[in-house]
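Protein chains: 2
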Amino acid sequence: MPQPFDFYFDFSSPYGYLASVQIEDLAASLGRRVNWHPILLGPMFKETGALPPVNVPLKADYAEKDFARSAALFDIPYRHPKEFPINTIAAARVAHCLTQEDMALAAKFCKQTYVAFFADNQDIRDLEVLRSQLQSVGADAEAVLNQIQTDEVKQALKLAINDAMSRGVFGSPFVFFDDEPFWGFDRLPHIRLWAQQQGKVA
Amino acid sequence: MPQPFDFYFDFSSPYGYLASVQIEDLAASLGRRVNWHPILLGPMFKETGALPPVNVPLKADYAEKDFARSAALFDIPYRHPKEFPINTIAAARVAHCLTQEDMALAAKFCKQTYVAFFADNQDIRDLEVLRSQLQSVGADAEAVLNQIQTDEVKQALKLAINDAMSRGVFGSPFVFFDDEPFWGFDRLPHIRLWAQQQGKVA
Chain Z
58 MPQPFDFYFD FSSPYGYLAS VQIEDLAASL GRRVNWHPIL LGPMFKETGA
108 LPPVNVPLKA DYAEKDFARS AALFDIPYRH PKEFPINTIA AARVAHCLTQ
158 EDMALAAKFC KQTYVAFFAD NQDIRDLEVL RSQLQSVGAD AEAVLNQIQT
208 DEVKQALKLA INDAMSRGVF GSPFVFFDDE PFWGFDRLPH IRLWAQQQGK
258 VA
Chain B
58 MPQPFDFYFD FSSPYGYLAS VQIEDLAASL GRRVNWHPIL LGPMFKETGA
108 LPPVNVPLKA DYAEKDFARS AALFDIPYRH PKEFPINTIA AARVAHCLTQ
158 EDMALAAKFC KQTYVAFFAD NQDIRDLEVL RSQLQSVGAD AEAVLNQIQT
208 DEVKQALKLA INDAMSRGVF GSPFVFFDDE PFWGFDRLPH IRLWAQQQGK
258 VA
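If you're matching them up, the sequences are chains Z and B in order. Just so you know, we're using this note's numbering here: the first sequence kicks off at 58 and counts up by one. Just so you know, we're using this note's numbering here: the second sequence kicks off at 58 and counts up by one.
Hints in this document: simulated from the structure, not taken from any laboratory. Quick caveat: nothing in here was measured; it's all calculated off a predicted structure. Treat each hint with caution, since some may be false.
Just so you know, same-sequence chains aren't split out, so a pair can sit in one copy or run between any two.
[Claimed, not checked] 30 Å max Cα-Cα, derived DSBU-like pairs, lysine-lysine:
# : residue 1 : residue 2
1 : Lys-103   : Lys-122
2 : Lys-215   : Lys-122
3 : Lys-103   : Lys-211
4 : Lys-165   : Lys-211
5 : Lys-122   : Lys-257
6 : Lys-257   : Lys-168
7 : Lys-165   : Lys-139
Could you put together the complete structure from these sequences and hints?
Right, dumping it as structure tokens:
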């Protein structure tokens with residue numbers, strides 16, 4: 058069985074959202090499935106000293122333009138969120154719980170929650186928004202929302218983020234394809250080229 | 058006459074090098090020429106608080122891998138320079154002088170000097186290396202190497218970099234296509250998509 062893509066993303070990352078729309082088709086075209094890994098950029102930016110592009114002079118205007126333009130170029134619905142960036146720890150905990158139980162369900166939740174934030178201007182910090190996302194993908198919303206309050210789940214997400222960092226993840230989206238690392242929505246075409254050149258096309 | 062591409066680059070920028078190999082074909086395919094604008098990232102990074110990726114923990118290993126891999130994926134010769142990044146002010150001044158006199162000659166010099174640094178492991182800080190680059194493109198090496206010692210040229214490059222920053226340039230490579238800004242080697246495919254969607258294909 059070929060190794061799935063490991064797809065790391067923060068729900069507050071616009072390029073993570075764009076990648077979430079394409080990652081499954083790309084993986085499938087290369088004979089792979091996708092393991093979804095919700096992470097938080099906060100602890101990673103602490104490590105790298107990076108700032109979100111929208112907080113950097115000169116870069117901020119370009120960044121917002123590029124989010125929307127990249128989406129348009131690839132026919133992906135996009136409305137820049139009213140509040141941005143936001144703390145996405147609740148959504149990440151929910152997604153983490155789902156990945157532990159049912160990856161297909163988790164994938165559905167992640168894709169939908171990204172759309173809610175980056176196309177429908179919903180506040181995904183709001184537990185009621187997360188509840189309705191959970192319900193609409195057919196998860197046991199009540200159970201999951203209880204789980205994310207537990208120390209066990211809080212700790213598990215932290216550990217998962219540390220594991221990601223140990224593996225070299227420092228941004229979103231970040232993909233491993235047979236342990237080869239690719240950072241950024243703009244690297245998705247590189248993944249296909251790399252697969253072709255390495256003879257990894259299924 | 059359609060507006061040329063404005064192509065901004067630092068000679069120490071690997072992605073600038075990769076873009077220098079493709080920019081003229083891309084522009085030509087869209088019915089455009091290229092104006093080459095040598096800049097220095099130093100003053101820009103001061104403004105944005107950015108660090109070269111190779112100086113950032115976690116990012117450094119990935120960055121070096123991605124330079125070489127991106128080159129390989131697009132069939133561009135690449136050998137990571139022994140010393141990197143380096144101060145490219147002399148090369149930038151030379152290139153700036155040439156752009157003021159003969160853009161075609163400047164383009165040749167820029168492409169060749171990039172190859173010298175990123176494929177042939179030459180030290181482009183060395184005035185003798187720059188002299189031989191100038192000679193090989195048929196420029197008056199002596200005259201140009203004298204010019205770059207003058208306050209006039211030093212000042213002119215500074216002004217050009219300030220103009221670039223006023224226009225929104227904060228990295229390398231940076232391209233304007235009809236005043237639409239694109240940052241990064243990975244945005245070259247976006248330029249073509251954008252041109253198509255805006256009906257700008259010649």
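Hint check results:
Proximity of Lys-103 to Lys-122 under the C-alpha cut-off of 30 Å is found in both arrangements, the shortest distances being 26 Å within a copy and 23 Å between copies. Only between protomers do Lys-215 and Lys-122 lie at most 30 Å apart by alpha-carbon distance; the minimum there is 27 Å, versus 32 Å within a single protomer. In this homomeric assembly, Lys-103 and Lys-211 come within 30 Å of each other (Cα to Cα) only inside a single copy, at 19 Å, whereas the closest approach across copies is 38 Å. Taking the closest pair of Cα atoms, Lys-165 and Lys-211 come within 30 Å of each other only inside a single copy of the chain (22 Å); across copies the shortest separation is 57 Å, beyond that limit.
Taking the shortest alpha-carbon separations for Lys-122 and Lys-257, only the inter-copy value of 19 Å comes in at or below 30 Å, while the best intra-copy value is 35 Å. For a Cα distance limit of 30 Å, the shortest separation of Lys-257 from Lys-168 inside one copy, 26 Å, qualifies, whereas the shortest one across copies, 33 Å, does not. Taking the shortest Cα distances, Lys-165 and Lys-139 sit within 30 Å of each other inside one copy (24 Å), while across copies they are farther apart (47 Å).
Checked against the numbered hints given earlier, the structure satisfies every one of them.
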